[in-house]
Amino acid sequence: MIEVKNLYKGFDDKTVLHDVSLVIEDAQTFVVLGQSGSGKTVLMKNIIGLLKPDSGEIFIDGVDTCTLSYRESRKLRENFGVLFQGGALFDSMSAYDNVAFPLHMIKRMPQKQCHERVMECLELVHLPDAAAKMPSELSGGMQKRVALARAIALEPKYIFYDEPTSGLDPKTSNTINDLIKDLDLRLGVTGIVITHDMHSCLAIADGIAFIHEGRIHWTGDVDDLHAATDKILLEFVKASEYQIGHH
Amino acid sequence: MTAGVDTRHPTPLTFPFKRQIEDFFEEVGRFGLLLYQSFRSIGEVRTYWENLLIQMVRIGVESIPIVALAAAFSGAVTTVQSAHQLISPLIPRSVIGGVVVPSMILELAIVTTALVLAGRVGARIAAEIGTMRVTEQIDALEAMGLNAVAYLVVPRVLAGILMFPVLYAVACFVGIGGGIIAGELSDSIPAREFIEGGRLYFKASDVTFGLIKSLVFGFTITAISCTKGFFASGGAEGVGRATTQAAVQSCVFILLGDYLLATLLL
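Same order as they appear, the protein sequences are chains V and D.
Counting in our numbering, the first sequence runs from 1 upward without gaps.
Counting in our numbering, the second sequence runs from 1001 upward without gaps.
No wet-lab data here; the hints were simulated from the structure.
Ideal Cβ placement from N, Cα and C applies to all residues, glycine included.
Among the hints, erroneous ones may be present.
Said to hold, decoys possible - Quick list of in silico lysine to aspartate or glutamate cross-link-like pairs, EDC-like style, CA-CA up to 16 Å: (1) V:52 with D:1139; (2) V:75 with D:1044; (3) V:107 with D:1258; (4) V:45 with V:3; (5) V:52 with V:12; (6) V:133 with V:97; (7) V:157 with V:78; (8) V:45 with D:1139; (9) V:133 with V:91; (10) V:107 with V:64; (11) V:181 with V:206; (12) V:181 with V:26.
As the list claims (entries may be wrong) - Okay, the calculated bits of chain V under chain D, using three or more residues with CB under 8 Å as the criterion: (13) 6-14; (14) 190-198.
Claimed, not checked - Partial list, derived from the structure: chain D residues whose beta carbon lies under 8 Å from chain V: (15) 1020; (16) 1022; (17) 1135; (18) 1137; (19) 1139; (20) 1140; (21) 1142; (22) 1143; (23) 1144; (24) 1145; (25) 1146.
Please construct the entire structure, taking both the sequences and the accompanying hints into account.
Structure (structure tokens):
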């Protein structure tokens, strides 16, 4: 379980996250919804430990991550898989080597076992044929799927998806959404999806937190969202629906 | 004297270059922080040893042709110019070798090598690491539990420290060889007299001094370039800025370091 308590984070004079508190239960797909610049990615990076909060507490399975040393924090991160917005594939390595990288560098897995795991991960994202390709030879959607294969390689307990459908066409977005839901169910992991994509949110969310101007403005599930009367949330939903209709 | 100044109501201090001064200290802080993290990560050999070998090839072996070219022409030009200035019935021709050899060992081989590599190696390191920063590849390394400083910075700085003395040695040999060939081609000094003069004025302590400089410059170029890349921000423009600054600042610190080391060690 992930528990965030009274989290504050700012850069220079600007406070990005104000008093954020959140509970993410295990084995569900939890969506953090909000418009660009609302602080979603900063929240994710604080939970992962890539940023240090100015104040507040973050508990992962009961461990206060803010009090951990760098070495302890890195050990904890082995439980995380992260799909970054642009994929963040290592561009000097092939798709195969990208997926093998954490297995080789973190787990020190023997070569045969590593090969089996890499192919298993690439099959899970339906890209076993792309193993030899370099990231520059892959489309945006394929890059995200390879990045997803890399994220699940270490069999993490938590997978963070940062804007998994941004920059993708609707069909590829649906493929990614299906993949996220399928992986979360099949692997029994907790998925935390950071997105502004309402369509994606409605397709995959078990729980939702709507973040607005750095504050958790609303929480609930998809049924609650359909019945919501909050003005700011409804404005966001309306704008998103218009975008979907527009495209 | 403070006559005429109202000390009860001092006007707020305004610095003419406040922003630049702040930026300077921020940069010094980043450099210090990255160095500190690098020293702390030096024990994580398993994280960086493979990358260290790759970087030794990229920084060292792949730089040999350009270093050799620059050194050969420095040696050749120094010989031709020394011959032009020193040819006289009163000065033995072997003096030309006595000028060129110590000049190469003490100054030309290492400074030429360092300046060439500030552009070649420094820019490459800053561009590589900077691109990894702005495309979140460094975040991806950290997110999977890997020490990004140990994986990216330590092997590059170590490779610089290990390979610069080798490149310095190459530059010395090729530079002196270039001098010998230029002396023969310009008919100003035969090879035998050049070598004789070089041996006469050769001091082993000059080589030690050159090696110390090569270690310092190897560290300076790689450490500055890694810092520039590691803290790059702002997309492609930010990477471009980091790359340029890495090359320019490396050159400035080489020239400054060259002067300081000469003052301290000679």
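Interface restraint verdict for residue 1145 of chain D against chain V (beta-carbon cut-off 8 Å): holds, 4 Å
Hint consistency between residue 107 of chain V and residue 1258 of chain D [alpha-carbon to alpha-carbon, up to 16 Å]: Measuring from Cα to Cα gives roughly 45 Å; hence the hint is violated.
Satisfaction of hint between residue 26 of chain V and residue 181 of chain V, Cα-Cα up to 16 Å: Roughly 14 Å separates the two Cα atoms, so the pair holds.
Hinted contact residue 1139 of chain D with chain V - closest CB pair below 8 Å: holds, 6 Å
Hint status (Cβ of residue 1022 of chain D to nearest Cβ of chain V, threshold 8 Å): Not OK, violated: residue 1022 of chain D not within 8 Å of chain V, min 12 Å.
Pair hint outcome, residue 52 of chain V versus residue 12 of chain V [Cα-Cα no greater than 16 Å]: Given pair residue 52 of chain V, residue 12 of chain V holds - Cα atoms ~14 Å apart, limit 16 Å.
Hinted contact residue 1135 of chain D with chain V - closest CB pair below 8 Å: Hint holds; residue 1135 of chain D Cβ to chain V Cβ min 6 Å, cut 8 Å.
Residue 157 of chain V paired with residue 78 of chain V [C-alpha distance capped at 16 Å]: Given pair residue 157 of chain V, residue 78 of chain V holds - Cα atoms ~9 Å apart, limit 16 Å.
Annotated coverage of the region 6-14 of chain V by chain D, confirmed only when three residues or more have a Cβ within 8 Å: violated (count 0)
Status of the residue 1140 of chain D interface restraint (C-beta, 8 Å, chain V): holds, 4 Å
Proposed interface contact between residue 1146 of chain D and chain V, which counts if any beta carbon pair is under 8 Å: Constraint on residue 1146 of chain D satisfied, holds at 6 Å.
Hint check, residue 1020 of chain D versus chain V [nearest Cβ-Cβ separation less than 8 Å]: Nearest chain V Cβ about 17 Å off; hint violated.
When held up to the earlier numbered hints, the structure conflicts with 3, 10, 13, 14, 15 and 16 and fits the remainder.
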